[in-house]
Amino acid sequence: MTTESLKTTVLTELGNIAPELDGEVVDPDADLREEFDIDSMDFLNFVIALHKRLDVDIPESDYAKLNSINAVVTYLEAAAAG
Amino acid sequence: MPSLGADMDAGTLVEWLKHPGDPVARGDIIAVVETQKGAIEVEVFDQGTVAKLLVEEGATVPVGTPLAVINGGEVASEAPAAPTPAVTQAEPRPPRAAPAAVSVRSAGLRASPAARRLASERNVDLAGLIGSGPGGAIVRADVERTADLVPEAEIASPPEDKARLEMRQAIAASMARSKREIPHYYVSTTIDLTPVETWLAQANADRPPTTRLLVSAPLLKAVAIALRRFPEFNGSYLDGAVRPSDRIHCGMAIALRRGGLVAPAVHDTDKCPVDDLMVALLDLVKRARGGGLRSSELSDPTITVTSLGERGVDALFGVIYPPQVAIIGFGTPRVGPWVVDGQITARTLVTASLSADHRVSDGHRGSLFLAEIDRLLQEPEML
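If you read the protein sequences in the order shown, they are chains A and B.
Converting from the first sequence to our numbering requires adding 105 to each position, the first position being numbered 1.
Converting from the second sequence to our numbering requires adding 5 to each position, the first position being numbered 1.
Derived from the structure by calculation, the hints contain no laboratory data.
Please note: incorrect hints may appear among the correct ones.
[What the hints assert, rightly or not] Computed from the model, here is a short list of chain B residues facing chain A with C-beta under 7 Å:
| id | residue |
| --- | --- |
| 1 | GLY314 |
| 2 | GLU315 |
| 3 | ARG370 |
[Unchecked claim] Covered by chain B, according to a simulated footprint, are these stretches of chain A (three or more residues, beta-carbon under 8 Å):
| id | stretch |
| --- | --- |
| 4 | 117–125 |
| 5 | 143–149 |
| 6 | 160–167 |
Here a beta-carbon is modelled for each residue, glycine too, at the ideal position from N, C-alpha and C.
Isolated chain B, as found in the complex:
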């Protein structure tokens, strides 16, 4: 069971997509796992043939539990695990059963009409009560006393609200941990975004909607390229040690409708042409909102980029997502006064911020990193 987030302890195996005897290659999706981040597709790292499935569909197991045995390049010789029925979606947990409805016995049981009515309403079995009325008859007060002790049926929250709540809890846990453990420092700068805007408008004028670019593509690319010269912002800090990454996988923060946030990675962001990056972003957003993110997309980001988009305010200072060591925030682009060639003029501006782990880097390098992003955005056609 892979760890798909800083605070994931366990996951539920929802569906096996490969079975004993199936060949698998690196990157193939082998199973769907349900986590606090939603349903995630688990990828295989080895090449070979599935020999045995070790966990049944529907089982919840701790992170690190082996899920399957894969024989490298050989046909399995062990008896395969008994096939389990395939499920297409995570089943919502069934609501706790309501107390069995009971019928009110009439003959032979002395109870007042008021008591009977109340017992029927509250699903209380009169036969189990000791009456305090005349001759041991059950009166309303007896039913009331008992009814208070009967646990109410749990209202099953719709599966979707439950999923949202779990995601909220996962975010809360990792953000609280981040602020507890990571000493953040912050630097920010205002960037003239006019060259990017002009370049985008020209590029998009000739393109059908399906291939048009959004500003997030060049912004992400600029961050990725800048990271090549500032490796101390790319990687993780785990068990007291810095672990820089030799590859750059920028996580893009994606807001989910009705609350929730995921930041899946675009692998090798710095090597991806801007057009392909745009396609990747559209695809990531679709899968983040609709389901189908892959385990490597959640476990591999080496930095996160978050942005307020078009309807926000000037600046955003992100919280580092552990075990990463930095997060870049972009505010909402705005038109504002700027000095160009000694004259004040109106330009499109955006405030970029860096929140970084002070155990790993310092403000001087942080500001140079932001300045490099700024420089790259002044020549968008080179991205």
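Extracted from the complex, chain A is given alone in its bound form:
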């Protein structure tokens, strides 16, 4: 998957969690949890959605790395490659 399509996937899944932000411009380096007002249940649903769509298992110990949209994309690219 290309970086662009990964980014689209990530944005789509975030949009599913925070539907009121659909269509809004978001800062890809801003802290995800702050920017989208995401709690741990939302975050779990996000991880589950990424797992289903991309077949990537993100262990709990890696959650801290997923702190911005760009960070998530970078993580997913590395996971796909590795």
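Mind docking chain B on chain A? Use the hints.
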């Protein structure tokens, strides 16, 4: 029409899901009702066959109004109610109609160009005006005077904002009532959450995301089990009398995005294994935010548990949701200094609070209840 909250007076029947002649069993969803808390699925308590639907789709009726007749186990002999067209969603209330646009009559009516322009802009019918200009001509001032009296078309608020406003009003009403009628007392304690945290990390390391546990599951379970030994915190206070419940249904406070709060129950929380509790919580949150909560989930909680989650502050003191008699609040877990075996060390801590109805219980029992929750959380594998 069931009562789904302390201050609900009426509900709108949006959609019938069962029709005359359909068999129903206890727990089946028979209709969708629109309330200030959103669209709620109404469950049937009786077994039998639907004989007659008494309320039409779209009708708003007071709480307590019979909605349907169900014959126990028999085929209906009465003529069924005329079928109504099914609607899939609550229709937004239509905006109040704008005043009909009027065309400005030109021939035969003397009015200044400025008056005509203004009348056209403001949808004022020149024919209805008495002119104050020369020869009875209508001048701009005449239009201005009238235009001020024309009510502006109500801007239809988007249905979603209206729903949010109604939910806010429902919350305001029940919280105000709670503070007016329930004499609250408060106790709190700091709990070492490290054993729970360690246990969760170990359990989740081996699980795919779909079955991972969040801390709210063991917290809720600990409250439910503790309630078995402290029944005075489980139930309701209605019409001047305490009504303890013999079953434990913990309501979980769920924040809705863009404001609003619901606290639907997980039935028989104390009997639910932690894994199943997690599945139930995920499902409740999904339906709380997306629609589809059931009437029993809203009317049955015997206590509420509220939590600040990961992004909050140390402590939360809840307001009891009438007619319940207690609410447990959990602050945000934090790393802090703690004494273990006489030494200061860093542990994960959480502040738990109890707000309780002083007509029903007192601080001594309240503190023992919190202490029991603490004790249960020190052995999470036993939950």
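Outcome of the hint check:
Proximity of GLY314 (chain B) to chain A holds as hinted, the smallest CB-CB distance being about 4 Å (cut-off 7 Å). Because the beta carbon of GLU315 (chain B) sits about 5 Å from the nearest beta carbon in chain A, less than 7 Å, this interface hint is met. Interface restraint check for ARG370 (chain B): the shortest CB-CB distance to chain A comes to about 32 Å, outside 7 Å, so the restraint is violated. Residues of the stretch 117–125 of chain A with a Cβ under 8 Å from some Cβ of chain B number 3, which satisfies the need for three, so the listed coverage holds.
Given a C-beta distance limit of less than 8 Å, the hint that chain B covers the stretch 143–149 of chain A holds, as 4 residues qualify and 3 suffice. Coverage of the stretch 160–167 of chain A by chain B holds [criterion: at least 3 residues with CB-CB distance below 8 Å; count 5].
When each numbered hint is compared with the structure, a violation occurs for hint 3 only.
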